[in-house]
Structures are given as structure tokens and as C-alpha cells.
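> Each chain, written out:
Protein chains: 2
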Amino acid sequence: MRASRFFISTLKDAPSDAEIVSHQLMMRAGMIKRLGSGIYTYMPMGLRVIRKVEAIIRDEMNKSSAIELLMPLVQPAELWQETGRWTKMGDELMRVKDRHGREYAIQPTSEEVITDVVRSEIKSYRQLPLNFYHIQTKFRDERRPRFGLMRGREFTMKDAYSFDRDLAGMQASYKIMFDAYTRIFTRFGLKFRAVAADNGAIGGSGSHEFHVIAHTGEDALVYCPTSDYAANMEAAEALQTGERAAPAQELVKTPTPGTVKCETVAALLGLELSQTVKTIALTVETEKDGKVSKAYFMLLLRGDHELNEIKVGKVPGLANHRFTTEAELLEVYGSIPGFLGPIGTLQPVTVVADRTVANMSDFVCGANAADFHYTGANWGRDLPEPHIVADLRNVVAGDASPDGQGVLAIERGIEVGHVFQLGTAYSESMKATFLDENGKPAPLQMGCYGIGVTRILGAAIEQNFDDKGIIWPAAIAPFEVVLCPMGMDRSELVKEETEKLYAALQAAGVDVILDDRGQRPGAMFADWELIGVPHRVVIGERGLKEGKLEYQGRRDTEATGVAPADIVAFIQGQMAQ
Amino acid sequence: MRASRFFISTLKDAPSDAEIVSHQLMMRAGMIKRLGSGIYTYMPMGLRVIRKVEAIIRDEMNKSSAIELLMPLVQPAELWQETGRWTKMGDELMRVKDRHGREYAIQPTSEEVITDVVRSEIKSYRQLPLNFYHIQTKFRDERRPRFGLMRGREFTMKDAYSFDRDLAGMQASYKIMFDAYTRIFTRFGLKFRAVAADNGAIGGSGSHEFHVIAHTGEDALVYCPTSDYAANMEAAEALQTGERAAPAQELVKTPTPGTVKCETVAALLGLELSQTVKTIALTVETEKDGKVSKAYFMLLLRGDHELNEIKVGKVPGLANHRFTTEAELLEVYGSIPGFLGPIGTLQPVTVVADRTVANMSDFVCGANAADFHYTGANWGRDLPEPHIVADLRNVVAGDASPDGQGVLAIERGIEVGHVFQLGTAYSESMKATFLDENGKPAPLQMGCYGIGVTRILGAAIEQNFDDKGIIWPAAIAPFEVVLCPMGMDRSELVKEETEKLYAALQAAGVDVILDDRGQRPGAMFADWELIGVPHRVVIGERGLKEGKLEYQGRRDTEATGVAPADIVAFIQGQMAQ
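Here the protein sequences line up with chains G and V, keeping their order. Its first residue numbered 50, the first sequence is counted upward by one per residue in this note's numbering. Its first residue numbered 50, the second sequence is counted upward by one per residue in this note's numbering.
Each hint should be verified, as a subset may be incorrect.
It does not matter which identical chain is meant; a pair holds if it fits inside one copy or across any two.
With a Cα cut of at most 30 angstroms, we get these calculated DSS-like pairs of lysine-lysine [unchecked claim]:
(1) 224 to 61
(2) 594 to 112
(3) 363 to 224
(4) 363 to 544
(5) 172 to 544
(6) 549 to 61
(7) 480 to 137
(8) 549 to 112
(9) 112 to 337
(10) 172 to 517
(11) 480 to 224
(12) 544 to 310
(13) 112 to 224
In short, the hints are calculated from the structure, not lab data. Computed from a predicted model, the values in this text were never measured in an experiment.
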């Protein structure tokens, strides 16, 4: 490609609404252009990256026996009503009516349509397994679109759907996709991590997220550096190790006037935060024969730990809960918020202690009286053992790995892929069955597998940038090599050598752009550093007379002189690294 | 590709709503699957064809210096309001509201968005010319979607938009696109014709449609077999050649009771239809200072000719007209419909004669009296020369070619491409300007260029099918060659030769599918004839023992025996034809 025949449009400054670095750099590098809230035109430079990402995904999907088709964007409401997602998805689902008043969804994903295709196509177990995928535009009407391609409304996703005759088959299909995803993200040249994820309400027995590692990532990833264990924060289990120490202090009701947070209580009392226990009061309402009854739960968490909502929802009886109101707090605990505690409540309360709390001794907790906390509280002595002991908290770095192979570390990531064992949730609601070996109808076992194609661009940049701009991994860079001739219009020698090298690199199958725009060197270099092309060759008359071209990798701090005769091989060597 | 790893799903019968052969065959061959009215899933077999079509388009667009980007599907209403198309497009424009009540169009085309992109990116004439294109899903809420991919609601289109500094530049860009389209349709392997088209109300100075030739085509194409002249029916000019003959008959008011059509009048009087003149009465209303005034026009057309609405609209004073009502007819002509004529009207009427009619003598026309016609009518003698002589009719085969190089022929076609000189219509309404050489702002000169990607499939089939199924041109066939082994599971020899040939064809870069499904020969052959793969090789044990494989082209009536050693070269030879 010659730059003069391409469209290059760079900006000195990013627009003010670009909050994160990938959004800023993509705008500045002219890769995307905002059309509306969360809606972007993919400009020529950005589209090249998208196409490279798609090509790698497509290649690995095909190699994994997944079959490409293309499902429509505009999908009849009836299918979405069959699974209940027409209402369940709420405002995120973009709904549209045609001229006859018929309703449609603009697809945010395609479980319904593929299940509809398959239920009419698949009759027999002999036709299974099958895995269909497409790479298609999606729309999700996010409440607050932001971060450019990271949380847009219109975006491109690769979504695949596997169909199997039984659980073992579904798990085998899942494994094939997991391995394909691992190859895909490896080929992108990105540092990534696959982590076990919570399955959510949808059921099924397994789910993994693929994250691109980046300091700026929204998600905390938990992993064990000395084993294979990896999970997202929702799913990572916090073990309790060691024994509860014997009581060493007396229970004392201590004045803590106006001190409602564990941090300030610990500071006031001169104790470690890890000696305090915080209390979360929940109410569960159940209706029976038109009468609503309430049950009260008190969750106990160590002062320095964070509550994990997903884990709370899994505690028996707590699937549907809400926070206890202030009126209820007075009635049940006789206390205002900030001073609640498990010792002495006015009404019966189910005490659910986090595993860590259940193992504490001599701890500090609220006294159910304004401006008072207990210190030196001990299970069994000052209050009964907790009714329920459960894993309620987010893990922290240094926790024991659940596989017993070391301690946990935490890093941040950006979710770019998700593989999911769906089981029969969709096939049952949509009556997608096949005839098994005995001629009996059975529901299809499904898996689904997504990659956020356009999000990959944002994630790749969040992982790879510097103060000059983007640093693309070569596999997904808009161009692999840029040629920057110095005064091509003035020097016949420069022109000749540049054209020779351009032709030679093209012949070698290198994706090269020749910057023939006639810019000054400073502006030209700044453009390509901003755009993030990984390899640059400067062709100048002085260098040529000394028998040298100047090669510089995007991460290099200095250029390397390379003889014109060696440059193609040299670049290939750099690209192979 | 191995058939066992692909998805093949053929049907004996087409669904009853498939009215035309391409729709029937695409459904039967498992290329598309209906999701809703005018909305189809492109199944794996169909998607392969689409991808090949797209690849050829993309290659020729890129070679023509057009630059690919990707504009969003969901486009803010504000842009469409700027050009007035938000209302002008009526119900065909699919409108959608987001969660905040903001309105969007699902793109049916992207003039507004590309003009918005360009007006913010282009500052100077130095950045011109530019031509951007994308290949993107479109949605048009057709009143009556039908014919499968031929008139669907959701479809794929390639749309390109050129931007130039002046008219000459725009015409040069147009020529480049015209030539690219010619190469594209040639590469598809389809018989096609580019015809001059009417520009419509949008202005600009040129427009051509590209049609795939097919007996079943909706459009009539006019061309001159002995010259380059070609136009669609709307645009083809009907010349009048020769002189008006001298009157030979007397004017006679002849009773024609209950005979209102030219056909029946001619039959009653024992005359040729070409001796009759039909009358179309139009009314034009104009409002001035709140008062509506009416003008009456009488259009005269030879009895065997068809009125061309587009041409009528171009007659001075007739841009906005309606048919004259029966009440008006009585008032102006004193006649009921069916007996109107240009001789003797009650009120002043502007007589607009088609060129052919102006040249007639001794013609038959209505007498403005129920149940009477005149015969032997002659211009100048029985009535004044017409006020206006204009081209009002559709051309017919045998008419003189407007270029004077022969006579016209007519064939039928399916419109699959359109190139259009837009001029400044969009750039003016959207204030898309650039600074010219003198530093003065000037509106961009635009062109737009569309190809109906998915429609190509339907058109290709309408042109190429037989009673067994589709006959794809090799360039866009889902596979170029199919290998049909006979009893691959029983014969080691067949298996070995098949695998060898499969590998050899792949190595030669041939897009080959190996049918390893283990079907019986009849079913297997029927599948591939229906799907329309252009080249087939049957590998059987008997043939192999005689040193032969059976090659058969999709249009061949008999197979040809070819030695295994020669088969790759033989196929390549067939493909090169």
C-alpha cells in the first residue's frame, strides 16, 4: 500500500470524551470516528486491524471444524419470546417495529436464531456434533456507552454455538473451543489469561473467560503463579486455612462514638483492620398464600475483605435478598447502621460468617447500640457458633490457592472472550430436540463461544502503548512495516532504493506501507509511532551513500543500520521474534 | 473441504412461497434459510458464494484506489434529517429508538454518514479525489418482500462514494468506477449489460445500471446490437425517423359503440393498431396567492405504444401532474373516457403528441363524443399541429437507435449495480465543503456506486440453471470441483486415489470439496447438481482398474474418461475455458 492512496488522518489531541488510553489513541490515530453515542465508523486504518483479527479467528474456527454461516441482524421478536429474553434482557435489547407493526430485536447475540435453525435442520444424533459460528455486527443499548470500542453499543462479535447429543459430547466441543481460543489469542500476540468464571443463573457446568492482561483492565483476575489455577474474582474460591486461636481477651463493650466504619474503629482502638468484623444485614421476603414473611440474615466479613455478591447469592436461602432497611434494623437489632453486630439481637437472625470470620478470635464487632463496639469477641464463649459458614468474600493476593498448589496472585484484565457450557437451557425452552440412538427425542446439549472482535483492538492497545502511541503486535497491526523515505521527490537514489525495497517486501509477503506523502521526517515518524506500525525502515541519501538503511522496531530506542542487501532478511528476522 | 465437516442440507421440494427459480433453488440447495419476511440466514453453502462475490468486488475496488472502511448500521436520525431523507424515504426506512428515546435509522445506504465523515476530514482540494467504500448489511422495509435474495429486506450491499473538487474530477471518478464494475461483472462470469439510466430527481449528469441478463428479469434493457448504445427503458430515447405522409383519407366521424380501447376500435374498423392514437388526459394544478388554477394536457400516443412516465415528467409544465378526473373530462372535453380526442374540445387544452403520433397521417382518434371515433384524421388539415411534440413512449424493438448506428433490440435483465453522478446534492444540503486553490469553500462533487452483493446470487441463478439445479460460474461457485468417490469405505483403491486427487487439487489452489458422506451415487450426484458445483470427478473402482476417472462439467451431458495422472491438468484446462 502507498500512503498516498490510503487514508491517513492523525490528530495531535484526543477529543475530551475519550477517557481511556485506547480510546484516545484510536481517535488520534484515525482508526475510528464517532458517529453517535457508542457508535463508531471504522476508518480504513482501524478496519485493517479488525480484518486481521477476524482472519485469525476465522482460520482457527475453521480448523476446529466450526462452520461459518451468517445470521440476520434483525430478528423476529417471537424467537426471543420463546426463551423469555425478549423481556429478560430489558433496555439493553434494541427493539424495532416494521411498517406492519411487527416487532424485531437487533441482535445482541444469536442463541435464539441458531437454535431455531438447528431445530429445523437436525433430526438425528448422526448429524451431531455441529458447531456453527458467524462474525457479525451486534447492538446492545448500553445504559452508558463509553471507552470507545471497549463498551460501545454497535460492535462486532464472533459467536459460535455447538450442538451435541450428550453432556460428554458438549464438554468435548467446549474443550475444542477452549483450545481454539487459546491459539487465537496466542496468534494475536497478546498476553492473556483464561480464567474460570461463574456460570450465572443460566446453569450448565462450566465457563471460562479470556482476558487480555492490562493494568487498566476493569476485571480482577485471580491466578496461582505456581499452578494452573485461574478464575475471575466472582468465581475464585477463598479457602480458610489454619486453626482458630484460643481466646486471649475479655469481651469489652467499648465506646466508639460516631465511628461507623471498620477502618475508623480500628484506628480509634489502635488495632489492625484485620481484627475487625463488618456486618451486612439482609432481608429475604417470601410469599405464601398471599402473606409475606420476612427472614433476617446477618453476613459477617473481616474488616479488610470485600463482599462477593455472586457468592452471597449461592448461600442457601439467599438467592433473592435485599438490604435490610433502617426501620427493620431498629426493629431487629435495636441499632442504627454502623454499630450492628452478632451479639444480642432483638429478633432471631441467621448469622452467616465468612470462612475467615468463623476462624477469628478476639475480634471487634458492633454492639447493636449506637456509639459502641465490642472488642475481644470470641465464638462459642461470647456468642454461639455461626449458623452458616460460607465463602462470602473476594479473594486477596496471598490467599491459599484452592488447588492447594501455592498462593494466589491478582492482576487486571479486559474480557475479550467467553466460552460457556449452556447445556439444555435454550434447547428445552425452544424445543430443539433430536432423535437419539433409540429413536427417542432428546434436547440438544449446547455450548456458546464469543469473542469481542472490535473490543480486541481496545484491549490490545491498553496492553501495548507508550507516550508516542500504539504498539501493535505484528499479527494484528494495520501494516507490518512502514517505509519512510527521506526526500523521495528530491533524490533519485532514495526513490529508486525505496521502490526496490517496497517491491521486495511485497514479494516476500510482507504487509508494507510506503509513506510517499512527502511529509517532513518529524511529522512522518510521529504519525507512524502514533499509529503503531511495529517495524520502520528509513531510507535516506546519506545513509545509502554509507551503504545503510535505518531499521527501528517500535519498541526500540535506537535505530540499527542495515545494508540494503540484507534488509528484507533482517526484517523477516525481526518479525519472527 | 470434506463434506463430512461441512453442512449440506438439500431439499426435494422448495417451500410454496418461493415463486421464482433462484429462490426455489437457493432454498432447495440449502444456501439460505428464511428467518422472517425478507430476512434470511445465509447458510454455510450460500455464505461461500457471498464471500467469493465480496472478494472479487473488494479486489477490483482496491485496484481502483477506492478505500475500504465500515460505517455503522445504526445511524442517528439527525443526519438523515439534514438531507430530508428521514421523511422522504417513507416507510422503507427502518427507524428505531434507543432507551433514551433518541431516533436512528438502520442504514439502507450511507450517503449521509460518509458525507458527515468527509466534511469533518477533508479541508483542502489537496486531499482530493477520494473514494470510500464499504461492504455492509443494509435494511429496507419493503412493502412486499419477495423472491428470496432478489427483493429481501435485509441484504448486503457494496456502496462506494467518490469526492472530487470539480465536475471533471467527478466524471473521471465515475469512469473509474464504471470500468471497475465492468471488470467485476466480467470476473463473476455472468452475462451482463451496462445501460444508461435516468437520473431521477436527484440531479447530476449521469447514471448507469448494471444488469445481469436473464429471461426472468424484471427490467427491460434497450440496446443496439450494431453499436454501443444501451439504456434502460426509462432512459432509452425513441427517435422519429422518416417524413409524415400526405393525407389520403377524409375525416369521418365513425360510430364505435361501446368500443373504448384502441385494440377493439382497430378490430371493429378492420385497421392496424398502429393506425390508432390513444389519448391520456392530465391535469396540472398550480397555486398562486392561495388560488388554485388548473391546466389541461392531452397526451397522444400511438395505439400500440406504451407511455413512459419518466419522459412525461420531463415535458415542460408536466413535472407535477395527475390524471384528469371524470368530472373534469366532461367539463373540458364533453366526453366520457374512451372517446377523448384532440379534435374539438370544450376548453383550451395543451396537446402533447408523441414524436411518432406527430408524424402520423390518416389516424384514428376519439371524437369527444360517446360511441364515436374519427378516422382519417390529419394534422394541419383536421386539427392544428400539436402544441408540443415530445418523446413520450417506451421504445420498441426495431426502433432506430438514438446513436444512428442501427435499430434497437430489447432483452430482460436484473439490476445488480448502479453508478451515479450525484453532483453536489448531498454536499450542499450537508454543507460538505473544501477549500479550493483560491482558498474559497466549494461543495464537494460526489458520485455513488452500489452493487447488490446478495442479489448477485439470485441473478446469477436466474441466468444459469437447468432442471437439475443451479449452474454456478466457477468464479463464484461455493466449490469449484467436487470429488465423488464410489464406495470410499469399501475400496482401498478408491480411497487412496480420492485422497491423492484431493491433496493434489488443494495443492494446485483449486477450491475442492470431497464428498465423504458415504451417500449412494444417485443422491450424491443429485445434491451436487442441485448445488451447482461446475466440475465433478467420479472416482470408481471399475474406472480406476481401466485407468480412468470420470470428469463431467455441470453443463455436460456426458462424462469424459481421464487418466488419473492427467486429471489435475485436465480440470485446470476446463476451468480456464
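> Check residue 480 against residue 137 for me: Cα-Cα at most 30 angstroms, and say if that holds within a copy, between copies, both or neither.
within (19 angstroms within a copy, 44 angstroms between copies)
> Between the shortest in-copy and the shortest cross-copy C-alpha distance, which are at most 30 angstroms for residue 363 and residue 224: within, between, both, or neither?
within (26 angstroms within a copy, 67 angstroms between copies)
> When no copy is named, should residue 480 and residue 224 be tagged within, between, both, or neither for a Cα gap of at most 30 angstroms?
within (26 angstroms within a copy, 55 angstroms between copies)
> Go through the copies and call it for residue 224 and residue 61: within, between, both or neither, with a Cα cutoff of 30 angstroms.
neither (46 angstroms within a copy, 37 angstroms between copies)
> At 30 angstroms max between alpha carbons, let me know whether residue 594 reaches residue 112 within a copy, between copies, both or neither.
neither (49 angstroms within a copy, 35 angstroms between copies)
> Within a copy, between copies, both or neither: which one fits residue 549 and residue 112 at a CA-CA cutoff of 30 angstroms?
between (37 angstroms within a copy, 21 angstroms between copies)
> 30 angstroms Cα cut-off: does residue 172 pair with residue 544 within a copy, between copies, both or neither?
between (65 angstroms within a copy, 29 angstroms between copies)
> When Cα atoms must be at most 30 angstroms apart, do residue 112 and residue 337 count as within-copy, between-copy, both, or neither?
neither (55 angstroms within a copy, 73 angstroms between copies)
> One pair to classify: residue 172 and residue 517, alpha carbons no more than 30 angstroms apart. Within, between, both, or neither?
between (58 angstroms within a copy, 26 angstroms between copies)
> With identical chains treated as interchangeable, where does the CA-CA distance between residue 544 and residue 310 reach 30 angstroms or less: within a copy, between copies, both, or neither?
For residue 544 and residue 310, neither the intra-copy (71 angstroms) nor the inter-copy (77 angstroms) Cα distance is at most 30 angstroms.
> At most 30 angstroms between CA atoms: does that hold for residue 363 and residue 544 within a copy, between copies, both, or neither?
neither (69 angstroms within a copy, 56 angstroms between copies)
> Taking 30 angstroms as the upper bound on the Cα-Cα distance, should residue 549 and residue 61 be classified as within, between, both, or neither?
Cα proximity of residue 549 and residue 61: none, with 33 angstroms in one copy and 58 angstroms across.
Of the numbered hints stated above, those contradicted by the structure are hints 1, 2, 4, 6, 9, 12, listed in ascending order.
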